[in-house]
Amino acid sequence: MTVRASRHARRLGRLLVTPSVVALLAWMIVPLAMTLWFAALDYRLLDAGPARFAGLANFAALLADPGFYAAVITTLYLLALALALSVGGGLVLALLLDVAAFGRGALRVLVISPFFVMPTVAALVWKNLMMSPVSGVLAWIAQGLGLPAFDWFAHAPLVAVAIIVAWQWLPFAALIFLTALQSLDSEQREAAQLDGAGPIAMLRYLTLPHLARPAAVIVMIETLFLLSLFAEIFVTTGGGPGNATTNLAFLIYQQALQSYDVGGASAAGLVAVVLANIVAFFMVRLIGRSLTA
Amino acid sequence: MIKRMLLTALAVSAMTACSGAPDDGVSITVATVNNSDMMRLKTLSREFEKTHPKIHLNWVALEENVLRQRVTTDVATRAAQFDVVTIGSYEVPMWARQGWLAKLDQLGPDYAANDLIPAMRQAISVDGIQYAAPFNGESSITYYRQDLFRKAGLVMPAEPKWDFIVQAARKLHAPAHGTYGICLRGKAGWGENMSLLNTMAHSFGASFFDMNWRPQFDTPQWKTTVETWSGLIRDFGPPGAVANGFNENLSLFASAKCAMWIDSTVGAPVLADPRSSGVADKVGFAAAPDAGLGRRASWLWTWALAVPAASRKAAAAQQFVAWATGPAYAKLVASREGWGNVPPGTRISLYANPEYRKLAPYAEVTLAAIAAAHPADPAIRPVPYTGIQYVSIPEWQGIGSETGRIFSGVLAGTTTVDAALAEAQSATLRQMAKARK
Amino acid sequence: MKRGAAHRIVLTALAWAAALAVAFPLLWTFITSFKPELEAVAFPPRLTGVDWTLENYRTVLDEGGYARSALNSVVIAGASTLAAMALAIPAAWAMAFAPTPRTRGLLLWMLSTKMLPPVGVLMPIYLIYRDAGLLDTRAGVILLLALGNLPVLVWMLYTHFREVPGEVLEAARLDGASVVQELTQVLLPLALPGLASAFLLIFTLGWNEAFWTLNLTSTEAAPLTAFMATFSSPQGLFFGRLSAASILSILPIVAIGWFCQRQLVRGLTFGAVK
Numbered sequence: 008m009t010v011r012a013s014r015h016a017r018r019l020g021r022l023l024v025t026p027s028v029v030a031l032l033a034w035m036i037v038p039l040a041m042t043l044w045f046a047a048l049d050y051r052l053l054d055a056g057p058a059r060f061a062g063l064a065n066f067a068a069l070l071a072d073p074g075f076y077a078a079v080i081t082t083l084y085l086l087a088l089a090l091a092l093s094v095g096g097g098l099v100l101a102l103l104l105d106v107a108a109f110g111r112g113a114l115r116v117l118v119i120s121p122f123f124v125m126p127t128v129a130a131l132v133w134k135n136l137m138m139s140p141v142s143g144v145l146a147w148i149a150q151g152l153g154l155p156a157f158d159w160f161a162h163a164p165l166v167a168v169a170i171i172v173a174w175q176w177l178p179f180a181a182l183i184f185l186t187a188l189q190s191l192d193s194e195q196r197e198a199a200q201l202d203g204a205g206p207i208a209m210l211r212y213l214t215l216p217h218l219a220r221p222a223a224v225i226v227m228i229e230t231l232f233l234l235s236l237f238a239e240i241f242v243t244t245g246g247g248p249g250n251a252t253t254n255l256a257f258l259i260y261q262q263a264l265q266s267y268d269v270g271g272a273s274a275a276g277l278v279a280v281v282l283a284n285i286v287a288f289f290m291v292r293l294i295g296r297s298l299t300a
Numbered sequence: 211m212i213k214r215m216l217l218t219a220l221a222v223s224a225m226t227a228c229s230g231a232p233d234d235g236v237s238i239t240v241a242t243v244n245n246s247d248m249m250r251l252k253t254l255s256r257e258f259e260k261t262h263p264k265i266h267l268n269w270v271a272l273e274e275n276v277l278r279q280r281v282t283t284d285v286a287t288r289a290a291q292f293d294v295v296t297i298g299s300y301e302v303p304m305w306a307r308q309g310w311l312a313k314l315d316q317l318g319p320d321y322a323a324n325d326l327i328p329a330m331r332q333a334i335s336v337d338g339i340q341y342a343a344p345f346n347g348e349s350s351i352t353y354y355r356q357d358l359f360r361k362a363g364l365v366m367p368a369e370p371k372w373d374f375i376v377q378a379a380r381k382l383h384a385p386a387h388g389t390y391g392i393c394l395r396g397k398a399g400w401g402e403n404m405s406l407l408n409t410m411a412h413s414f415g416a417s418f419f420d421m422n423w424r425p426q427f428d429t430p431q432w433k434t435t436v437e438t439w440s441g442l443i444r445d446f447g448p449p450g451a452v453a454n455g456f457n458e459n460l461s462l463f464a465s466a467k468c469a470m471w472i473d474s475t476v477g478a479p480v481l482a483d484p485r486s487s488g489v490a491d492k493v494g495f496a497a498a499p500d501a502g503l504g505r506r507a508s509w510l511w512t513w514a515l516a517v518p519a520a521s522r523k524a525a526a527a528q529q530f531v532a533w534a535t536g537p538a539y540a541k542l543v544a545s546r547e548g549w550g551n552v553p554p555g556t557r558i559s560l561y562a563n564p565e566y567r568k569l570a571p572y573a574e575v576t577l578a579a580i581a582a583a584h585p586a587d588p589a590i591r592p593v594p595y596t597g598i599q600y601v602s603i604p605e606w607q608g609i610g611s612e613t614g615r616i617f618s619g620v621l622a623g624t625t626t627v628d629a630a631l632a633e634a635q636s637a638t639l640r641q642m643a644k645a646r647k
Numbered sequence: 008m009k010r011g012a013a014h015r016i017v018l019t020a021l022a023w024a025a026a027l028a029v030a031f032p033l034l035w036t037f038i039t040s041f042k043p044e045l046e047a048v049a050f051p052p053r054l055t056g057v058d059w060t061l062e063n064y065r066t067v068l069d070e071g072g073y074a075r076s077a078l079n080s081v082v083i084a085g086a087s088t089l090a091a092m093a094l095a096i097p098a099a100w101a102m103a104f105a106p107t108p109r110t111r112g113l114l115l116w117m118l119s120t121k122m123l124p125p126v127g128v129l130m131p132i133y134l135i136y137r138d139a140g141l142l143d144t145r146a147g148v149i150l151l152l153a154l155g156n157l158p159v160l161v162w163m164l165y166t167h168f169r170e171v172p173g174e175v176l177e178a179a180r181l182d183g184a185s186v187v188q189e190l191t192q193v194l195l196p197l198a199l200p201g202l203a204s205a206f207l208l209i210f211t212l213g214w215n216e217a218f219w220t221l222n223l224t225s226t227e228a229a230p231l232t233a234f235m236a237t238f239s240s241p242q243g244l245f246f247g248r249l250s251a252a253s254i255l256s257i258l259p260i261v262a263i264g265w266f267c268q269r270q271l272v273r274g275l276t277f278g279a280v281k
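Heads up: the sequence lines are chains A, B and C, in that order. Letter by letter, the first sequence follows residues 8 to 300 of the working numbering. Letter by letter, the second sequence follows residues 211 to 647 of the working numbering. Letter by letter, the third sequence follows residues 8 to 281 of the working numbering.
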């Protein structure tokens, strides 16, 4: 930071930050306070009687539910899978796009397309047209290769959901990597080439280290969205089979809109907020430092 | 130029603003499910607006799950976003007792309430008063491919037993030729696989709860039920059955991929129509199976139109409900799209109509299935609940969703029948304990 | 050099194959949308001898409401993005050019608000909206989406502003430029690509938001996500209609996206590139 902030500028700065902070605080605190209140009630939407005060009973019930711990694990597992697929796939795509000899504009248009598809449409298309073991394209390919059709949502439901999610975020990862690659100094590359570095060595010692920072950014942004992943699960697996794809957001949905247990759902929501902040804390340590330094 | 545009804009916005005013009529919002009967109603309702120029209709047509969550939230919080809601026989009695629904006992002489099939009328009444108007009614039956049965030398009995279904599925299963022995609901959900499982369980002599509200998953009858269901699907079903609900199976059967299918009668007109079905001339209809214990695996359901008590436009809403579910609408559909497309399962007169019977080879089977369903007395033993494919308590949606997911794990091979039954038992006990504290 | 050229051709072919694979599901949906329903589920799928039809589009459009939903999508995504920008630009400017010790914490706190599952606060919001008369209004959805995307937007703009070389601003300030002049004449032109990119990103996210838009609107304010919910799983064979509805609901945003992809990509760095 080279601009030294004068006292005047700092005062102005505070003034300018205030609207955002106030808006976000209101957006945080009003629903949060209501959620806190609901979490202490035995409030069932389908019961006629007035909601009764229940103290910590909703939290006790949540913590006694084995499904809750499974949901926390599923949330993290799904996050890790989708991140790995989209970051890995995005990296490969970016590297390929970077060396493509012709049609870069067209390539970029093709690659960016999934980003504009709304999650429900993406999930419906993948479930019905791509992954259906009876009439899907993947089953067709498998048949062409002489393999039996793979039943994605029965045998690898979490991977299937992760693929759908990763497909939507692939463009985001690929394009950020691509921008980073193109900023790589061509002089640096040529110098390395003159030193006799092969393509593998170049990738290993020059390109990949250069991409560490964009990778961190991608992980951070995607995490923001993937922690509360919901639509793809709702459309494809409904949390099943068993509870294989029930993440925390879906667990809360089940309580709020399938059991209509507002108290229980609020308790689960609050726990989710706490968990989100724990994740945020670790993210600050891992990634945030390098980003705001 | 700009001035004129501004004036026009002003005039337009003034007109829009006034269109909601009482002397210009009312605008009511109808929330409905996106099935074919309802989508037809949505199209034909322009006729209603023509004859009732003061009433304007806004439609919200949603997929069943989304509709249910939207409507329940809206009605339970009395937000009154909807003036007419589409709900089922599960919701109507519960919501009526909560005082959430307006009485619909004054739908006028043209409505002909006595023409309603008694089982349907009972399903949407509390203490003899009607709180909703059945739009279409359904039970469940066995669909089968006559050509495949003939080729295999099999004869489908009019009232098959589960043993026969298993044998036939084994014989007709030919995945190499792209046909599977049987298609059944595997998709998790209280309105999907649990509808089938609960109905099957009742036919195998089981029940969901005993008289003390103790869940019955630890009984041998439930074990037989889940073993039969998962065995049929895993051994003779299509791949991907764990994601198949009513719609997916309808697609599979219509594209000639299933030899048998046990599901809602709503599928019959779709399958018998060559425009929407590849097996229109080959599909046969039989009763839902039983185990010889006195209860057939046929459920009872009606999608009904109701008016929330919180609606501020109840009078107009009731006019529409009476029109949409009355005999006049049936005649309108018949004149535009033929008798075969009239919403089935609600009126005695439809099944007495010779033209309908000629067009609908499934009419008799459907009517018999509705007559064989006893939602008030679903099990062979006395039970404290009503409902065949559901249990008429508010907790059912939560319990049905959770147990449905647990049993879908059996299909995916992630759990065994015994483990799933034990898990379902403890999950149900936990939910009931939570609800009754 | 010859070997290098051969390599390049192979890699280019690979790049094309990969890009086509990424876009394939969309391409396939587009093709399926022109097939009759029975053909759409045929296996193996056929590409020749198909009785290509516009029937699916006709059915979907006949249900009505497409124009209003599309208009609502444009208004909701556009207005919520503009509202978020109005809040975020000053905040990001201040964080970038007048940082305090608390800036980083503030930024990460903002981001953490994005992590709570919306479904957890649906009931409170629904009740507030009911009492405030905001259910099924564009204003209500715009407000929520603006706030929901604000954290990401602040961060994105913050990283853009930080890339503006400080010397330029300092020089302007030494020349006696006022804050307003500094903002409009120096910063704005430099940050414009970043602002355009941020606008496009947040607009896309707003367009695709399917939880609040589905749960808080019914008719008046229902955007394309709600339109889509009508066709997500109708009765009978539905792959053809589903494909047609899918194409219709993503068409506007994909068109905008393709048209503006250069602007979107140019600023899509989040400070990742130094």
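Treat each hint with caution, since some may be false.
To spell it out: a stretch of chain A is covered by chain C in this simulated footprint if at least three of its residues, at any positions, have a beta carbon under 8 Å from a beta carbon of chain C; those stretches are [what the hints assert, rightly or not]: (1) 22-33; (2) 62-74; (3) 80-93; (4) 116-126; (5) 177-190.
If you are wondering where the hints come from, they were derived from the structure by calculation, not from laboratory data. Quick caveat: nothing in here was measured; it's all calculated off a predicted structure. C-beta: ideal position from N, C-alpha, C; glycine also.
Which numbered hints are broken by the structure, listed smallest first? 2, 3
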